[in-house]
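S.K.: Next come the chains, spelled out residue by residue.
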Amino acid sequence: AQSVTQPDARVTVSEGASLQLRCKYSSSVTPYLFWYVQYPRQGLQLLLKYYSGDPVVQGVNGFEAEFSKSNSSFHLRKASVHWSDSAVYFCAVSRGTGSKLSFGKGAKLTVSP
Amino acid sequence: AQTIHQWPVAEIKAVGSPLSLGCTIKGKSSPNLYWYWQATGGTLQQLFYSITVGQVESVVQLNLSASRPKDDQFILSTEKLLLSHSGFYLCAWSLAGTGEVFFGKGTRLTVV
Numbered sequence: 001a002q003s004v005t006q007p008d009a010r011v012t013v014s015e016g017a018s019l020q021l022r023c024k025y026s027s028s029v030t031p032y033l034f035w036y037v038q039y040p041r042q043g044l045q046l047l048l049k050y051y052s053g054d055p056v057v058q059g060v061n062g063f064e065a066e067f068s069k070s071n072s073s074f075h076l077r078k079a080s081v082h083w084s085d086s087a088v089y090f091c092a093v094s095r096g097t098g099s100k101l102s103f104g105k106g107a108k109l110t111v112s113p
Numbered sequence: 001a002q003t004i005h006q007w008p009v010a011e012i013k014a015v016g017s018p019l020s021l022g023c024t025i026k027g028k029s030s031p032n033l034y035w036y037w038q039a040t041g042g043t044l045q046q047l048f049y050s051i052t053v054g055q056v057e058s059v060v061q062l063n064l065s066a067s068r069p070k071d072d073q074f075i076l077s078t079e080k081l082l083l084s085h086s087g088f089y090l091c092a093w094s095l096a097g098t099g100e101v102f103f104g105k106g107t108r109l110t111v112v
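Listed in order, the protein sequences are those of chains A and B.
The numbering of the first sequence is the working numbering, which starts it at 1 and goes up by one.
The numbering of the second sequence is the working numbering, which starts it at 1 and goes up by one.
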């Protein structure tokens, strides 16, 4: 079974500052890893995904994430946040095709002016 | 381009009343389909998944049922709602061979 831990439930950063949202996973096999974003009262949108290869993956809107097998982590980063980035961010893991996608509890990001 | 449509957008229902939520995926043939539930402010929990018409697997028991009457349609239902059914229901799809899951805009259910 796989699981995801997002240790920071609420994060507040100033507009223009850098951001890191942490994600630790547990999986018996090399997982597929995802970051999703959920804006208020909306569904989830995929930011980026990692299957294999280069451990740093680029996503939409300037987001990137780095996979670390040794640390079992998949942290999300952004160099300069904008107020419109305020949302809830979910890290998710699966074992691949058709298997269950397990989500972390989410991190609510607030970008202050 | 593929689209996923969920209906209704929101529902307010009484305890003990029936419920039917729907989801349609257009532009993809034979997708894997999923229902997720999200408590207010909470994480997402997978409820059901289906890899083909007429075949649905339950992941958790919440006194809900799901059916896939057509390749592009996924229905979530119950005959008697409980207060604990309140939350946000998300339909999602993926293609076999990828782990990527795409979500609909969700249905907000309030049971009173």
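The reader is advised that the hints may include incorrect statements.
As the list claims (entries may be wrong) - Simulated restraints, written as ranges between beta carbons of each label pair: (1) A:Tyr-39 x B:Gly-16: 44 to 50 Å; (2) A:Asn-71 x B:Gly-16: 47 to 53 Å; (3) A:Ser-68 x B:Ile-51: 30 to 36 Å.
As the list claims (entries may be wrong) - BS3-like, lysine-lysine: derived pairs with alpha carbons at most 25 Å apart: (4) A:Lys-24 x A:Lys-105; (5) A:Lys-69 x A:Lys-105; (6) B:Lys-80 x A:Lys-49; (7) A:Lys-69 x A:Lys-24; (8) B:Lys-80 x B:Lys-28; (9) A:Lys-24 x A:Lys-108; (10) A:Lys-105 x A:Lys-49; (11) B:Lys-105 x A:Lys-69; (12) A:Lys-49 x B:Lys-70; (13) B:Lys-105 x A:Lys-49; (14) A:Lys-108 x A:Lys-49; (15) B:Lys-70 x A:Lys-100; (16) A:Lys-100 x A:Lys-69; (17) B:Lys-105 x B:Lys-28; (18) A:Lys-100 x A:Lys-24; (19) B:Lys-70 x B:Lys-105; (20) B:Lys-80 x B:Lys-26; (21) B:Lys-28 x A:Lys-24; (22) A:Lys-24 x A:Lys-49; (23) A:Lys-108 x B:Lys-26; (24) A:Lys-49 x A:Lys-100; (25) B:Lys-70 x A:Lys-105; (26) A:Lys-49 x A:Lys-69; (27) B:Lys-13 x B:Lys-105; (28) B:Lys-13 x A:Lys-100; (29) B:Lys-26 x B:Lys-70; (30) B:Lys-80 x B:Lys-13.
It should be emphasised that the hints constitute simulated quantities derived from the structure, not laboratory data.
The beta-carbon is built from N, C-alpha and C at its ideal position, and this holds for glycine as well.
S.K.: State for each hint whether it applies.
M.R.: How the hints compare with the structure:
no.	hint	verdict
1	A:Tyr-39 x B:Gly-16: 44 to 50 Å	violated (33 Å)
2	A:Asn-71 x B:Gly-16: 47 to 53 Å	holds (49 Å)
3	A:Ser-68 x B:Ile-51: 30 to 36 Å	holds (32 Å)
4	A:Lys-24 x A:Lys-105	holds (12 Å)
5	A:Lys-69 x A:Lys-105	holds (21 Å)
6	B:Lys-80 x A:Lys-49	violated (38 Å)
7	A:Lys-69 x A:Lys-24	holds (10 Å)
8	B:Lys-80 x B:Lys-28	violated (33 Å)
9	A:Lys-24 x A:Lys-108	holds (17 Å)
10	A:Lys-105 x A:Lys-49	holds (18 Å)
11	B:Lys-105 x A:Lys-69	violated (33 Å)
12	A:Lys-49 x B:Lys-70	violated (29 Å)
13	B:Lys-105 x A:Lys-49	holds (20 Å)
14	A:Lys-108 x A:Lys-49	holds (20 Å)
15	B:Lys-70 x A:Lys-100	holds (22 Å)
16	A:Lys-100 x A:Lys-69	holds (20 Å)
17	B:Lys-105 x B:Lys-28	holds (18 Å)
18	A:Lys-100 x A:Lys-24	holds (17 Å)
19	B:Lys-70 x B:Lys-105	holds (20 Å)
20	B:Lys-80 x B:Lys-26	violated (30 Å)
21	B:Lys-28 x A:Lys-24	violated (33 Å)
22	A:Lys-24 x A:Lys-49	holds (15 Å)
23	A:Lys-108 x B:Lys-26	violated (31 Å)
24	A:Lys-49 x A:Lys-100	holds (15 Å)
25	B:Lys-70 x A:Lys-105	violated (33 Å)
26	A:Lys-49 x A:Lys-69	holds (15 Å)
27	B:Lys-13 x B:Lys-105	holds (20 Å)
28	B:Lys-13 x A:Lys-100	violated (30 Å)
29	B:Lys-26 x B:Lys-70	holds (12 Å)
30	B:Lys-80 x B:Lys-13	holds (10 Å)
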